[in-house]
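Each protein sequence line maps, in turn, to chains A and B. Counting with this note's numbering, you get residues 1 to 246 for the letters of the first sequence. Counting with this note's numbering, you get residues 1 to 119 for the letters of the second sequence.
If you are wondering where the hints come from, they were derived from the structure by calculation, not from laboratory data. Mixed in with the good hints there might be a few duds.
A short, non-exhaustive set of chain B residues, derived as facing chain A with CB atoms under 8 Å [to be verified]: (1) 22; (2) 26; (3) 29; (4) 32; (5) 34; (6) 53; (7) 56; (8) 63; (9) 82; (10) 84; (11) 87.
On a predicted model such as this, the values are computed, not experimentally measured, just so you know. Here a beta-carbon is modelled for each residue, glycine too, at the ideal position from N, C-alpha and C.
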Amino acid sequence: MTRFTRTLRQINEELDLPQPTRSRILLEMAGDLEDLYQHHLSQGLDPDTATRRAEEAFAASDEALKHLARIHRSGAGLADRLARQVGSPWEKALLVAWALAFIFIAGQVTTQEGFFVIVSPFVWPIGGLALAGFAFTLWKVYELVLKRPPDLHRLRSGLGVLLFLAAASLAISVCGFFYHLRWYAYQTYEGAPETVFMMFATWTRAISSMMVIGLLTAVLTAVVWFLLTGLVTRIEGRRADALLAT
Amino acid sequence: MTQLPSEHSVEIQRLSRDCHQALILAILSRGPHHGYQLALELEARSGGAFRLNHGTLYPILHRLEQEELIRGDWLDEPTKRRRKSYTLTAAGRRRLTRQIGAWRDFFTRFFSVIEGEGP
């Protein structure tokens, strides 16, 4: 659609918004511009006049574009703002390096002999969340890389699920910690003094394995969310570039 | 005449915005529309009196979408680029009903002032 490239480029330059949001707005305008042009043609206008009329109708003032940008900035969700915090390549590299270091340490701990001998019952729901996150990730990667939905709106759909799973994993870990703490306090109070040390050892093993697994699930899920968000942003950017290409 | 609460009334300071919102909600109450269709239908229904530049239209549409009074859906249309279509939500329909009452009240007051009626 080269006939409106100039108009769209101009709006693209003046619309002060991050690329995913900007490309969605541009795609909407591009579709409407084309339809308006076709409408004018159907009314009997020649192509040049139809193009000019459509462009005139879309001439947005600086103030209107600023207003549009303000609306989208104020409406950006927490997840969007969070994703935008990490923008530069070194910030991304730092985040991934931190996550890998954490995963490496957690891996070392969980592969120690006897780590799973005494397991908190809270580990099972966390494991369920991890499996759900894994299944969702496979499905989303399939959708983004192989299926490639043409609908921009669908690209980001469901990504929030990963953040929810990460938060749920953290919440279960914290609940489990306090549950076991209370259990240990109760047993210490009620039990024989000679068993207190053994109970403490049991408690720390159960709770440490649960916390490591819970935090590992949360961090992994959050990193996958971050990587998928970056992938979606790149896809949206490529589509916007294609739209503006001459 | 009793004073209406602000959410049920038209504020004179925001006359233009409230007017555009009411007109767009009213057109969408007749069915889903694309952005350009909204502008064309508004012009056609008003006999050319109300013209909405698209530069003005999108901020209003996106604000209404953000407030969940309308819903924007990207639609697949064969042989055509994807299009965004807007539909009135249940909340939008309720807002429109309130807006109709508010505009009626506004113009009653307006004419009572300019025609010199009332106390």
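Here's how the hints hold up against the structure:
no.: 1; hint: 22; result: 18 Å, violated
no.: 2; hint: 26; result: 20 Å, violated
no.: 3; hint: 29; result: 20 Å, violated
no.: 4; hint: 32; result: 14 Å, violated
no.: 5; hint: 34; result: 6 Å, holds
no.: 6; hint: 53; result: 6 Å, holds
no.: 7; hint: 56; result: 6 Å, holds
no.: 8; hint: 63; result: 5 Å, holds
no.: 9; hint: 82; result: 6 Å, holds
no.: 10; hint: 84; result: 4 Å, holds
no.: 11; hint: 87; result: 14 Å, violated
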